[in-house]
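Visitor: Spelled out, the chains give:
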Amino acid sequence: MNISLNFAHIQFLLEGTFWTVILSLMAFGGGGMMGFLIALGRIAPLRALRVVIAAWVQLIQGTPLLIIMFMVYFGLPQLGLSISPLLAAGVSLTIYASAYLGEIWRGCIQAVPRAQWEAAECLALSGVQRMFKVILPQAIKLATPPTVGFSVQIIKNTSLASVVGFVELARAGQLINNSIFEPFIIYLIVATLYFCLCFPVSVLSRRLERGAPEKKIKPVPTVSPRIN
Amino acid sequence: MMLDFTAILSQWQLMLDGAALTAKLALVTTVTGFLIGTLCAVARRSQSSVFSRIAAIYVESIRNTPFLVQIFLVYFGLSSMGFSFTAFTVSVIALTINVGAYTAEIMRAGFESVHKGQWEAAETLGLTKWQQYWHVALRPAIERVYPALTSQFILLMLASSVTSQISTEELTATANFIQSETYRPFETFVIVAGIYIALSLLMRLIFWLFGLAIFPRRRRLGTMI
Amino acid sequence: MSIITLRNVQKSFGHNPVLKDVSFSVNQGQVVALIGASGSGKSTALRCIDRLETINGGSIEVCGHKVEDPHVNLRKLRQDVGIVFQSYNLFPHLTIEQNITLGPVSVKKMAKAEARRLALSVLEQVGLADKADSYPEQLSGGQQQRAAIARSLAMKPKVMLFDEVTSALDPKLTGEVLRVIERLAGSGMTMIMVTHEMNFARRVADKIIFMHQGTVHESGTVEILKTPGTAALQEFISNDL
Numbered sequence: 345m346n347i348s349l350n351f352a353h354i355q356f357l358l359e360g361t362f363w364t365v366i367l368s369l370m371a372f373g374g375g376g377m378m379g380f381l382i383a384l385g386r387i388a389p390l391r392a393l394r395v396v397i398a399a400w401v402q403l404i405q406g407t408p409l410l411i412i413m414f415m416v417y418f419g420l421p422q423l424g425l426s427i428s429p430l431l432a433a434g435v436s437l438t439i440y441a442s443a444y445l446g447e448i449w450r451g452c453i454q455a456v457p458r459a460q461w462e463a464a465e466c467l468a469l470s471g472v473q474r475m476f477k478v479i480l481p482q483a484i485k486l487a488t489p490p491t492v493g494f495s496v497q498i499i500k501n502t503s504l505a506s507v508v509g510f511v512e513l514a515r516a517g518q519l520i521n522n523s524i525f526e527p528f529i530i531y532l533i534v535a536t537l538y539f540c541l542c543f544p545v546s547v548l549s550r551r552l553e554r555g556a557p558e559k560k561i562k563p564v565p566t567v568s569p570r571i572n
Numbered sequence: 010m011m012l013d014f015t016a017i018l019s020q021w022q023l024m025l026d027g028a029a030l031t032a033k034l035a036l037v038t039t040v041t042g043f044l045i046g047t048l049c050a051v052a053r054r055s056q057s058s059v060f061s062r063i064a065a066i067y068v069e070s071i072r073n074t075p076f077l078v079q080i081f082l083v084y085f086g087l088s089s090m091g092f093s094f095t096a097f098t099v100s101v102i103a104l105t106i107n108v109g110a111y112t113a114e115i116m117r118a119g120f121e122s123v124h125k126g127q128w129e130a131a132e133t134l135g136l137t138k139w140q141q142y143w144h145v146a147l148r149p150a151i152e153r154v155y156p157a158l159t160s161q162f163i164l165l166m167l168a169s170s171v172t173s174q175i176s177t178e179e180l181t182a183t184a185n186f187i188q189s190e191t192y193r194p195f196e197t198f199v200i201v202a203g204i205y206i207a208l209s210l211l212m213r214l215i216f217w218l219f220g221l222a223i224f225p226r227r228r229r230l231g232t233m234i
Numbered sequence: 002m003s004i005i006t007l008r009n010v011q012k013s014f015g016h017n018p019v020l021k022d023v024s025f026s027v028n029q030g031q032v033v034a035l036i037g038a039s040g041s042g043k044s045t046a047l048r049c050i051d052r053l054e055t056i057n058g059g060s061i062e063v064c065g066h067k068v069e070d071p072h073v074n075l076r077k078l079r080q081d082v083g084i085v086f087q088s089y090n091l092f093p094h095l096t097i098e099q100n101i102t103l104g105p106v107s108v109k110k111m112a113k114a115e116a117r118r119l120a121l122s123v124l125e126q127v128g129l130a131d132k133a134d135s136y137p138e139q140l141s142g143g144q145q146q147r148a149a150i151a152r153s154l155a156m157k158p159k160v161m162l163f164d165e166v167t168s169a170l171d172p173k174l175t176g177e178v179l180r181v182i183e184r185l186a187g188s189g190m191t192m193i194m195v196t197h198e199m200n201f202a203r204r205v206a207d208k209i210i211f212m213h214q215g216t217v218h219e220s221g222t223v224e225i226l227k228t229p230g231t232a233a234l235q236e237f238i239s240n241d242l
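Protein chains in written order, with my numbering: chain A, 345 to 572; chain B, 10 to 234; chain C, 2 to 242.
It is possible that some hints are incorrect.
[As the list claims (entries may be wrong)] Here are the computed lysine to any residue pairs in the SDA-like style, where the Cα-Cα straight-line distance is at most 20 angstroms: (1) C:K21 <-> C:M2; (2) C:K157 <-> C:F201; (3) B:K125 <-> C:P93; (4) B:K125 <-> C:A169; (5) C:K77 <-> C:P93; (6) B:K138 <-> C:F14; (7) C:K77 <-> B:T98; (8) C:K77 <-> B:Q141; (9) B:K138 <-> C:K109; (10) C:K208 <-> C:T222; (11) B:K33 <-> A:G406; (12) B:K138 <-> C:R48; (13) B:K138 <-> C:K159; (14) C:K77 <-> C:V106; (15) B:K125 <-> C:F14; (16) C:K159 <-> C:P93; (17) B:K138 <-> C:E62.
These are computed hints drawn from the structure, not numbers from a lab.
Chain A on its own, in the form it takes in the complex (with noise of 0.2 angstroms):
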């Protein structure tokens, strides 16, 4: 097999590579500041704010990805505005992170003992104070394992990024294969990137989830679905 790839071709797949953990940290950042909202609404006193962000959580869930990049690549600019892959891929995503991330860390805050609550409550904390001192760091422990094995799901799913156009490492295979035409060595190649990226977080989760047995959540065993 005569392989052309060079050494420029493979720069080109680390700038993607570059590209990736950029649009994952976004996401990551923006999903994770939406996602705290989503779940503080989750649990909200208001029942008419719980059902609405609940409603808001099924829709995103229940809908593709790409399906949601599409709508804002090419929705939004239909209603006026005007969008760059990168933002549209960013935006989508974050949507997207925040739902899952909203769910994980509704159910880790719930997962935290009545107890814990009441005894925050007889020491005259306010709601707020009860919620940022005794809560939250709680669930935050809770919530880190899964927490890290989302973020996997992440850095997979910005390769969905490269179907509007963003020059990530799919996309950077992609316009390389354009070029040469020995797609399976090409994306070989990128699927190997992909996996130095995610199997190291992949394994920090796991052992994050072995370490803190008594913290399990729910007592069935948890294999969270997965796809993507």
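With the hints as your guide, set chains B and C onto chain A.
Guide: Using the frame of chain A, we list chains B and C on its own:
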């Protein structure tokens, strides 16, 4: 620009065809993915470290790479080997390989949740390892991880949208076609999102009914294992 | 005629030697009570007989099978030996009848109708004929244990092993299980029971084997319970009172 949903709704026939293909993909790959995943889980638990290691490599490779890249590898890999399958077939193969890895982990947890005493009782009755899995471990394992399996296969249906990238004419590809013809992407994708949600609800219903069928104990007694 | 023979059996779990040098034999039709304090190795010895644990030294022969041999025909061994566990281990997703027919149908390739007849007859034997279509969770502990005994009996074993089968039961429910075991003993079945029920052992057993710290410390007829020959057995009996 005024939103006009009627222009999209008039294309309902096309969307129905797309949704039907998505449903077909989901149905076929749920079955094949479950089979591969369960066999893989058995391999992971086997005494032979060769099978266990191969299964582990398979699962880790799939779980740490994006589906988009996997489907390209399957597509170009198969065509470079000389096969010319339809886009549907390639999608089925790629989706099966993908969901098989995730199902393997879920089923492995399910098998692990079967109490050691159950395995011993089966073993001392003289059942072979395969018989132990089939008669004693399989149904309780599935029952215990049924919610996780249901969620996984619904995610599978959503992931089928990525197969549009190798020209499979499922719902997402149909959506792209319609929006490129009508110049109304917003309305198109809103409606298509609605169809995906409807499909998710339909799948949840089907899984619930299926659960009633295969867990007679649950049906009669209403209890979980 | 001895159908179970243990010779110098050794078994360690990691660095922990649980069986140091166990030798005893059981004749056809004998009812043996294996007694001893927790940690004496009696359950382990029983489990080794049915190859649930592999031994590190010595030999075990059961109904002509050499259990310590890595190539022993496990399926044939398990058909000759029936074992009942402390936690019954009934299969929760199957009815009682299905629990019982599973072995004969899958292992002995019996026809379903014949297996059903067999199941009903062993259920009759243990007094649970009306529970054939129930699920294990609908039965009391005593009923579940009797069902477990019926399940083992359906395989027509030559030897029955009982591993502390009443220890997990409410005292009220042990009676019904012990009655079944007593009837079985009376019918000539070769049995080894690991048990804490001393009165029951006195009444039913032909031979008592007292295990202490991984060896057979003393053995004999039920007389040794009245007049123990060793200090360890003496202490064990007095503690039991």
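Visitor: Hints first: check each against the structure and report whether it holds.
Guide: These are the hints, each one checked on the structure:
1. C:K21 <-> C:M2: 26 angstroms, violated
2. C:K157 <-> C:F201: Since the Cα atoms of C:K157 and C:F201 sit roughly 24 angstroms apart, the hinted pair is violated (cutoff 20 angstroms).
3. B:K125 <-> C:P93: Holds. B:K125 to C:P93 sits at ~14 angstroms (cutoff 20 angstroms).
4. B:K125 <-> C:A169: 17 angstroms, holds
5. C:K77 <-> C:P93: 26 angstroms, violated
6. B:K138 <-> C:F14: Not OK: B:K138 and C:F14 at ~24 angstroms, beyond 20 angstroms, violated.
7. C:K77 <-> B:T98: Given pair C:K77, B:T98 is violated - Cα atoms ~47 angstroms apart, limit 20 angstroms.
8. C:K77 <-> B:Q141: Holds, because 16 angstroms separates the two Cα atoms, which is no more than 20 angstroms.
9. B:K138 <-> C:K109: 16 angstroms, holds
10. C:K208 <-> C:T222: The given pair, whose Cα atoms are some 5 angstroms apart, holds under the 20 angstroms limit.
11. B:K33 <-> A:G406: Distance of about 18 angstroms is within 20 angstroms: holds.
12. B:K138 <-> C:R48: 19 angstroms, holds
13. B:K138 <-> C:K159: 23 angstroms, violated
14. C:K77 <-> C:V106: 15 angstroms, holds
15. B:K125 <-> C:F14: OK: B:K125 and C:F14 at ~17 angstroms, within 20 angstroms.
16. C:K159 <-> C:P93: This hinted pair is violated, its Cα atoms lying about 27 angstroms apart.
17. B:K138 <-> C:E62: 24 angstroms, violated
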